[in-house]
Amino acid sequence: MNILVCISQAPDTTSRIAFKDGDTRFDEAGVTFIVNPYDEWYALVRGLELKEQLGGTVTCLMVGTAAVEPSIRKALAIGADEAVRIDLDPTDAIQTATAIADSARGKGYDLVLCGKETIDHNGGAVPGMLAELLDLPYVPLATKLDRAGDAWVIDRDAAGGTETVEVTGAVVVGAAKGLAEQRIPNMRGIMAARTKTLAVETSSAAPATAVRAFALPPAKGAVKLVPADRPEELVRLLREEAKVI
Amino acid sequence: MAILAAIPVKEGRATKAGLEAASYAASLAAASGAEAVAVVSGDLSGDGGLGAVGIARVLHHAGTGVDGGAVARAVEAAARAAAATAVVAPHDDFGRAVAPRAAVRLGAGCITGVTALPDGGAVRRGVFSGKASAAVTASTPVVVYTVSPNAFGVRQTGGGAAAVEPLACDTGADRVRVRGFKAAGAGGGVPLPEAERVVSAGRGLKGPEHWGIVEDLARALGAATACSRPVSDIGWRPHHEHVGQTGIAIRPTLYIAVGISGAIQHLAGVNQSKVIVAINTDPEAPFFKAADYGIVGDAFDVLPKLTEAVKALH
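In order, the protein sequence lines correspond to chains F and R. For the first sequence, the working numbering assigns the number 1 to the initial residue and increments by one for each residue that follows. For the second sequence, the working numbering assigns the number 1 to the initial residue and increments by one for each residue that follows.
Some hints here could point you the wrong way.
When the alpha-carbon atoms are kept at most 27 Å apart in a straight line, the in silico BS3-like pairs for lysine-lysine are as follows [claimed, not checked]:
id, chain 1, residue 1, chain 2, residue 2
1, F, 243, R, 289
2, R, 206, R, 311
3, R, 289, R, 305
4, F, 220, R, 289
5, F, 224, F, 243
6, R, 274, F, 220
7, R, 311, R, 274
8, F, 224, R, 305
9, R, 289, F, 20
10, F, 107, F, 144
11, R, 311, F, 224
12, R, 182, R, 10
13, R, 182, R, 274
14, R, 182, F, 144
15, F, 243, R, 311
16, F, 224, R, 289
17, F, 220, F, 144
18, F, 220, F, 20
19, F, 224, F, 107
20, R, 274, R, 305
21, R, 289, R, 206
22, R, 289, R, 274
23, F, 196, F, 243
24, F, 51, F, 224
25, R, 305, F, 243
26, F, 144, R, 10
27, F, 243, R, 182
28, F, 243, F, 220
29, R, 274, F, 224
Label-pair ranges, simulated between beta-carbon atoms [as the list claims (entries may be wrong)]:
id, chain 1, residue 1, chain 2, residue 2, range
30, R, 163, F, 215, 38 to 48 Å
31, R, 304, F, 161, 21 to 31 Å
32, R, 230, F, 28, 47 to 57 Å
33, F, 16, R, 139, 29 to 39 Å
34, R, 46, F, 69, 30 to 40 Å
35, R, 163, F, 14, 48 to 58 Å
36, F, 220, R, 183, 50 to 60 Å
37, F, 188, R, 139, 44 to 54 Å
38, R, 168, F, 192, 47 to 57 Å
39, R, 163, F, 233, 49 to 59 Å
Since the hints were made in silico from the structure, they are not lab data. For each residue, glycine too, the CB sits at the ideal point set by N, CA and C.
Bound-form chain F, shown alone (with noise of 0.2 Å):
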């Protein structure tokens, strides 16, 4: 089995939100950044579950400049056999996707796992426009991927469910909540990370859209308290005030 992984890294999901040079650029001052949760948790690790089921090589890619390696190589102390990294600072999905797809084209891919989107910027665009690019089917927010014979069988989030959904021959998935469990590096995986090979290649991939203005969000008024003993006047605040009931 021949395991692609797109991982991505997302400010730290504690940190303060700031931007800079007139609200145009996100302020990485005293930010922390990890490996998105989605393609860490879920789409990494089902990827080496698969791996020590089927046989097989689980290949991790990272699109960004030399800052980001430390994020690859948490994802080879996590288990991934080998990483490539292409040399760009992409500013939108259609920039990365591409990117991934010039990397990934030919290459033999049974499987290509992306978390379902990144906790910065919330697009879910990436993994569907790589599965364009490539011409391969796409499954979306998936909570369940297994192999059936020569089909991969996948659980998905859908309207009012969950639909089981049977692709046959190469997928995209997007990894959501449920397709596996957290693993933690143990120190075996960080010292075999440090001599798995990392290739590093470029990209002339452009981006179609761009930032104009990031903004705040408006402060919050003080919360209304209501006494325990009293929740019939929340209910007639939620009717007559909030008007949302």
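Use these hints to put chain R onto chain F, whose structure you have.
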């Protein structure tokens, strides 16, 4: 010239998220003097409810609607046939599978999860899991948008039925096939991202056997149920109920958080809600800083009384 809405259908009708995307497309069309056209792949009953939200014409593709790759081909064919300058889909499982693919096929910029109509050439979308928003522009002649559920709303225009025309487009055999479907138990089958009201609970409930009082309140309010990350991680509730930064992000009109402290990762997934109510024994719980209304009290004592008070409204 046209604005094209790519709409998912269930049992022949547009879904709620689909009607919101169609409303968005109709508003965009009205603002630019373009025709509002929809494309539907899958079984369609009448116009699927699309005329009532301002769609003039529905192009019907005789496919299953299951394989996003096939639907994207139909969307591309419809966009070219109608000379669409924008394609609009809901930001749900359908939109995720279809919109990025259609954007690639059309050479279009793709802006996902938008929350409002374009303003001054830029369109707003949520970023950093609800902690911020961004105004985004596209440099392409055609733009593909996906609309966040519950952000724009369904806007009835009082229009008549839309004309339904067949869309000739051979998309080949589906490469994704359905083997089964399991309906979500709670919330009457309302998908959590689309739910108008949500009652959510955390470790303060002390065990999965106590969820009855949460479900009772949800039922009285016609709300979906949700939970915090620790609760889904320890298996008290299913993963698909986990809202927060690494679960799902929601923006209901009413979010009631019971026994959830309000960690930054949880707030990120729910702070786009219109009205937030926090119920917690700890007056220092961070959730009270993010909430509009609060009760400092024990859920086991407060929830049954609150449920009775809601029932008394009916």
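Now the hints, each set against the structure:
1. 243/F with 289/R: holds (21 Å)
2. 206/R with 311/R: Roughly 25 Å between the alpha carbons, so the hint for residue 206/R and residue 311/R holds.
3. 289/R with 305/R: Within the cut-off at roughly 24 Å; holds.
4. 220/F with 289/R: holds (8 Å)
5. 224/F with 243/F: Holds - the C-alpha atoms of residue 243/F and residue 224/F are around 15 Å apart, at most 27 Å.
6. 274/R with 220/F: Holds, at about 11 Å.
7. 311/R with 274/R: holds (22 Å)
8. 224/F with 305/R: The hint holds at about 19 Å.
9. 289/R with 20/F: Satisfied, since the Cα-Cα distance of roughly 26 Å is no more than 27 Å.
10. 107/F with 144/F: holds (25 Å)
11. 311/R with 224/F: holds (22 Å)
12. 182/R with 10/R: Measuring from Cα to Cα gives roughly 14 Å; hence the hint holds.
13. 182/R with 274/R: With Cα atoms ~30 Å apart, residue 182/R and residue 274/R exceed 27 Å; violated.
14. 182/R with 144/F: OK: residue 182/R and residue 144/F at ~13 Å, within 27 Å.
15. 243/F with 311/R: Holds, at about 16 Å.
16. 224/F with 289/R: Roughly 10 Å between the alpha carbons, so the hint for residue 224/F and residue 289/R holds.
17. 220/F with 144/F: violated (38 Å)
18. 220/F with 20/F: OK: residue 220/F and residue 20/F at ~23 Å, within 27 Å.
19. 224/F with 107/F: Distance of about 59 Å is beyond 27 Å: violated.
20. 274/R with 305/R: Roughly 24 Å between the alpha carbons, so the hint for residue 274/R and residue 305/R holds.
21. 289/R with 206/R: holds (23 Å)
22. 289/R with 274/R: Satisfied, since the Cα-Cα distance of roughly 15 Å is no more than 27 Å.
23. 196/F with 243/F: violated (59 Å)
24. 51/F with 224/F: violated (53 Å)
25. 305/R with 243/F: holds (20 Å)
26. 144/F with 10/R: holds (23 Å)
27. 243/F with 182/R: Roughly 34 Å between the alpha carbons, so the hint for residue 243/F and residue 182/R is violated.
28. 243/F with 220/F: holds (18 Å)
29. 274/R with 224/F: holds (15 Å)
30. 163/R with 215/F: 38 to 48 Å: holds (41 Å)
31. 304/R with 161/F: 21 to 31 Å: Distance hint for residue 304/R, residue 161/F holds at roughly 29 Å.
32. 230/R with 28/F: 47 to 57 Å: violated (29 Å)
33. 16/F with 139/R: 29 to 39 Å: 31 Å Cβ-Cβ, so the 29 to 39 Å window holds.
34. 46/R with 69/F: 30 to 40 Å: violated (56 Å)
35. 163/R with 14/F: 48 to 58 Å: Holds, at about 53 Å.
36. 220/F with 183/R: 50 to 60 Å: Given range 50 to 60 Å: violated, Cβ gap about 36 Å.
37. 188/F with 139/R: 44 to 54 Å: holds (48 Å)
38. 168/R with 192/F: 47 to 57 Å: holds (56 Å)
39. 163/R with 233/F: 49 to 59 Å: At 52 Å between Cβs, range holds.
Of the numbered hints given earlier, the model fails hints 13, 17, 19, 23, 24, 27, 32, 34 and 36; all others are met.
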